[in-house]
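Peer 1: With chain A held as given, fit chain B onto it using these hints.
Those sequence lines, one after another, are chains A and B.
Residue numbering for the first sequence is 1 to 374, as defined by the working numbering.
Residue numbering for the second sequence is 1 to 374, as defined by the working numbering.
Hint data in this document are derived by calculation from the structure and do not stem from the laboratory.
Be aware that a few hints might be false.
[To be verified] No farther apart than 35 Å at their CA atoms in a straight line, the calculated lysine-lysine pairs in the DSBU-like style are these:
#	chain 1	residue 1	chain 2	residue 2
1	B	Lys160	B	Lys84
2	B	Lys160	A	Lys283
3	B	Lys283	B	Lys160
4	B	Lys108	A	Lys283
5	B	Lys84	B	Lys113
6	A	Lys108	B	Lys113
There are 2 protein chains.
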Amino acid sequence: MSRLRTRLGNLGVSDRLGLRAPIFGFSHAVEVVAAITNAGGYGVYGATRRLPEEIEAELAWIRARVGDRPFGVDLVIPAKVPEKNDRAALEKEIPEPHRAFIEGIEAKYAVPKPSGPGMRTRFIRSEEIQDAQIAAVAASDVDLVALGIGCPPEVVATMKARGKTTVALVGQERHAAKALEAGVDLLVAQGYDAGGHTGVVGTFSLVPRIVDLAGDVPVLAAGGVSTGRHVAAALAMGAAGVWVGTAFLLTEENASHLTRGEVEALVRSQATDTVISRAESGKPFRQTRSAWSEEWAAPGAPQPLGHPLHDVLVGDILGAIEEHDVRPLAHSGAGQGIGWFDRMRPVADVMADLTAEAEAAIDRMSRAREEVPA
Amino acid sequence: MSRLRTRLGNLGVSDRLGLRAPIFGFSHAVEVVAAITNAGGYGVYGATRRLPEEIEAELAWIRARVGDRPFGVDLVIPAKVPEKNDRAALEKEIPEPHRAFIEGIEAKYAVPKPSGPGMRTRFIRSEEIQDAQIAAVAASDVDLVALGIGCPPEVVATMKARGKTTVALVGQERHAAKALEAGVDLLVAQGYDAGGHTGVVGTFSLVPRIVDLAGDVPVLAAGGVSTGRHVAAALAMGAAGVWVGTAFLLTEENASHLTRGEVEALVRSQATDTVISRAESGKPFRQTRSAWSEEWAAPGAPQPLGHPLHDVLVGDILGAIEEHDVRPLAHSGAGQGIGWFDRMRPVADVMADLTAEAEAAIDRMSRAREEVPA
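For reference, chain A alone in the conformation it holds in the complex:
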């Protein structure tokens, strides 16, 4: 058996924790997270839209399936959110043209009423809920805590005091500088190519810059990592490993979390079928192109609101689109690597392909180096 050994050894991650390859996998599905870890990677559960008591139960569910193997949880902690979870107060701030625009989309595409609030409106991000989420994570035995947006030093300190590895996702150098100042153990340099919330600097341009800035702190490359060649390229750029999301969307373990419309969008999409839009959350978010992103990009459409006000505006209709699988509005967060994935596979197969191809790419490169007479 071979293994990719990287600077993650400094953290004790690859040695102590038995990683076969420095591949971190992000998912909103607990089944996917457990499968990544059990396949020798490092599963990370995207829990930011879950209530504190749900997070507690879900982390315990994963632990029961992975035993001593490592896994993580990801939270999003933006700087400015309301103090309390008070939807009624925020509703009053929504401009009338924005309401009319949403009602227009509901009418045009005959969107049925949702049975309840959507993923973005079941609770509204607030200091109160964020604090309770952080407490639930700190009290759990999760091994790693990743911060997808925002990196408050006190959260990093709390988690480190509990013996957890702390990670910040960054899309530009100034965010990395802040995260390093906060004392994180690991950075994820996530480029423009990524799915979900993302920035403007291409993954290829971003990764080595963050590596140089990070000094002794290891960096994972994120945004477009889809094949083992990407894993090898990330290591060539000085990354200690990779952070992967899109590759685990079309997996058997994720199937129950996707609607038919979402699966179809993911299967047919190439890189050029994804767009960055602020229509999802008020922040730039890469997703498969659909009537949803197109309506918001059309002439005369309103500008998306700030976060989390935009969540209040769109949470219910996004929930209805998902619940009733409304075409052609159905879409999914996805990165520019989506073109590589066109069928459901077990997570273990995705992991095996990434690892084997990375090793082959490194061996091929070694052969490219030859000594020749001067």
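Peer 2: Coordinates of chain B only, in the frame set by chain A:
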């Protein structure tokens, strides 16, 4: 002496032509092109804004300096251009609000009149001039012909019949398919990270897709290649080499082609200080952010025109901005790698750094592969 050996050997490029490393360097300065080739790379002269007789003289100038070493020339051949070089006819098509917008910028920033037409208006791209440029290149002894935009099969055939290596720059898979159909010898997969005319797919996401599509045709990675780690990463992704532009902007050989304002913009810019704007040519073009790109992005600004009509609109004012070095409108085409470059260096130093660091990165990766007990 060591050398990076890649699939370019199949073309006979690295063996027959004595490349030390598979690094192709693009420049609008003949001095830079000659220096890249003389440093063991493959210089390519961006000649699309030059008249046929100028191209003939400039290719001969380079040949006199590089001897038998290889170099290339790059032309841009868009599909739809006017038949003749008739500026007066195009002027009539420019909408009044666009003229007023340009006059507003001239007044606001006190732009002096130019002494003559600018780079984009000294001639207007037309079939007549393109045909004469192609004839001049075909008649020259240049080794390689790159097509930056457009890939007409008859041009590829003409150049191959003259024994020249043919290359197409592509930013998405469907462009690559057309270029392969046209019979090119080499593809350049140029991602969103690149300076100048560029597309939406990140370099990291684009390169391995084009490699897979290209089969036996070698692919160069372009868009953000700034360090030897990028060269190693490109090889890891399956590329046979790299195509570099931004790294050669701040070089001593290019200094006489830059205004002080352009140098300052390049020196201070980081990746996030570049923007993609259609304000330069009517097509998406990455450049350093300036009052020029900001004015065109402001609310109420007109949409850029199509190409080449937009050239007619902006050619003279862009020429005046350059001639009189007008701040804060001064800017330069540049890719997201610009943050790596902050001082003038000789081309040979840039080449030496790229090569040495690429070799070191590959050696480092080889050590990451270890056999461990199963």
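Peer 1: The structure should be examined with respect to each hint, and the outcome stated for every one.
Peer 2: Quick rundown of the hints versus the structure:
1. Lys160(B) x Lys84(B): holds, 27 Å
2. Lys160(B) x Lys283(A): violated, 49 Å
3. Lys283(B) x Lys160(B): holds, 29 Å
4. Lys108(B) x Lys283(A): holds, 33 Å
5. Lys84(B) x Lys113(B): With Cα atoms ~27 Å apart, Lys84(B) and Lys113(B) stay inside 35 Å; holds.
6. Lys108(A) x Lys113(B): Violated. Lys108(A) to Lys113(B) sits at ~52 Å, over the 35 Å cutoff.
Hints 2, 6 from the earlier list are contradicted by this structure; the remaining hints agree with it.
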